[in-house]
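Asker: Sequence:
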Amino acid sequence: MEQIRKVTDHCSDLQGFLIFNSFGGGTGSGFTSLLMEQLSVEYSKKSKLEFVIYPSPRVSTAVVEPYNSILTTHSTLEHSDCVFMMDNEATFDICNRHLDIERPTYSNLNRLIGQVVSSITASLRFNGALNVDLADFQTNLVPYPRIHFPLVTYSPIISAEKAYHEQLSVPHITSACFEPSNQMVKCDPCRGKYMACCMLYRGDVVAKDVNAAIATIKTKHTIQFVDWCPTGFKVGINYQPPTVVPGGDLAPVQRAVCMLSNTTAIVEAWSRLNHKFDLMFAKRAFVHWYVGEGMEETDFSEAPENLAALERDYEDVAMDFVEEEVGSEEY
Numbered sequence: 001m002e003q004i005r006k007v008t009d010h011c012s013d014l015q016g017f018l019i020f021n022s023f024g025g026g027t028g029s030g031f032t033s034l035l036m037e038q039l040s041v042e043y044s045k046k047s048k049l050e051f052v053i054y055p056s057p058r059v060s061t062a063v064v065e066p067y068n069s070i071l072t073t074h075s076t077l078e079h080s081d082c083v084f085m086m087d088n089e090a091t092f093d094i095c096n097r098h099l100d101i102e103r104p105t106y107s108n109l110n111r112l113i114g115q116v117v118s119s120i121t122a123s124l125r126f127n128g129a130l131n132v133d134l135a136d137f138q139t140n141l142v143p144y145p146r147i148h149f150p151l152v153t154y155s156p157i158i159s160a161e162k163a164y165h166e167q168l169s170v171p172h173i174t175s176a177c178f179e180p181s182n183q184m185v186k187c188d189p190c191r192g193k194y195m196a197c198c199m200l201y202r203g204d205v206v207a208k209d210v211n212a213a214i215a216t217i218k219t220k221h222t223i224q225f226v227d228w229c230p231t232g233f234k235v236g237i238n239y240q241p242p243t244v245v246p247g248g249d250l251a252p253v254q255r256a257v258c259m260l261s262n263t264t265a266i267v268e269a270w271s272r273l274n275h276k277f278d279l280m281f282a283k284r285a286f287v288h289w290y291v292g293e294g295m296e297e298t299d300f301s302e303a304p305e306n307l308a309a310l311e312r313d314y315e316d317v318a319m320d321f322v323e324e325e326v327g328s329e330e331y
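First residue of the sequence shown? That's 1 in UniProt numbering, and the numbers climb one at a time after it.
Certain hints may be false.
Derived lysine-lysine pairs resembling BS3-like cross-links, with alpha carbons at most 30 Å apart [claimed, not checked]:
(1) Lys234 - Lys45
(2) Lys46 - Lys6
(3) Lys220 - Lys234
(4) Lys218 - Lys208
(5) Lys234 - Lys208
(6) Lys218 - Lys186
(7) Lys186 - Lys234
(8) Lys276 - Lys186
(9) Lys234 - Lys218
(10) Lys234 - Lys46
(11) Lys186 - Lys162
(12) Lys220 - Lys186
(13) Lys186 - Lys283
(14) Lys220 - Lys208
(15) Lys276 - Lys234
Everything labelled a hint here was simulated from the structure, so no lab data went into it.
Kindly generate the complete structure, drawing on both the sequences and the hints.
Answerer: Below is the structure:
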């Protein structure tokens, strides 16, 4: 914390903190939880945005991933303002499908994630027509404090070896953001409803084209918004074109978009994780390692209860406003 204080003392206008960590590992989950608690105490008014690597449905890096992930989410739920989740399997598939990389390395995955983070933070670093700061993410994406896990999608993802001669249009890259194959987390948006969308464009983009593209998206029946938030779109436009790592996997393009969407479909990811946690904890498997480090077994009961409540929160916000009104009239 002393190092953080020294850095923040040199800031003329501190907006907040970006925290990068993994949910599944011991350090990424345990140390980050403690750090977030300390940041909340000392910088309570500042935004705290997390970029996290979430456990994949099929690709596992540690047996105790479900424990670490549920425990850290339980600990940081009250301290984090917005959490952008990505999973290794989704990014792995993008590298396979879009970039023709048969066996992606962590360098390939990190470059892709780096491109996404670059787009999200472009407005903080460059001037643009419609800039978005850290507080804007919260204001436009988080309808309720606990519902703060936006789904991240990026387009275009084109292999450097297959660089298009013709640059992709604004409508094309916009509609591609609603394709599950461009998502950074494995879930099906068709099974959920959107509460809010933040479209962050960069490069050769004008507002007129963006408005037309979004108007087209709104006409599609497959994309559903909750009744109580009919407008749903926040747009950021930054004129700085996307940059790529020289000799890297991604082709240079004139324009790109990163979509941050708060959708009830993300509850799928929590359900999978809760189920894995319950299977292991029913047998008290590996619990002794945590208790040996000073944790209480009651923590293992409280954490999944909190996450189950989070699942219910998502289900509640997906309910149509009309249904609620009809229900209230009956009494």
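Asker: Are the hints correct? Go through all of them and say.
Answerer: Here is how each hint holds up against the structure:
no.: 1; hint: Lys234 - Lys45; verdict: 23 Å, holds
no.: 2; hint: Lys46 - Lys6; verdict: 16 Å, holds
no.: 3; hint: Lys220 - Lys234; verdict: 18 Å, holds
no.: 4; hint: Lys218 - Lys208; verdict: 16 Å, holds
no.: 5; hint: Lys234 - Lys208; verdict: 14 Å, holds
no.: 6; hint: Lys218 - Lys186; verdict: 23 Å, holds
no.: 7; hint: Lys186 - Lys234; verdict: 24 Å, holds
no.: 8; hint: Lys276 - Lys186; verdict: 16 Å, holds
no.: 9; hint: Lys234 - Lys218; verdict: 13 Å, holds
no.: 10; hint: Lys234 - Lys46; verdict: 22 Å, holds
no.: 11; hint: Lys186 - Lys162; verdict: 25 Å, holds
no.: 12; hint: Lys220 - Lys186; verdict: 22 Å, holds
no.: 13; hint: Lys186 - Lys283; verdict: 28 Å, holds
no.: 14; hint: Lys220 - Lys208; verdict: 19 Å, holds
no.: 15; hint: Lys276 - Lys234; verdict: 35 Å, violated
Comparing the model with each earlier hint shows a violation of hint 15 alone; every other hint is respected.
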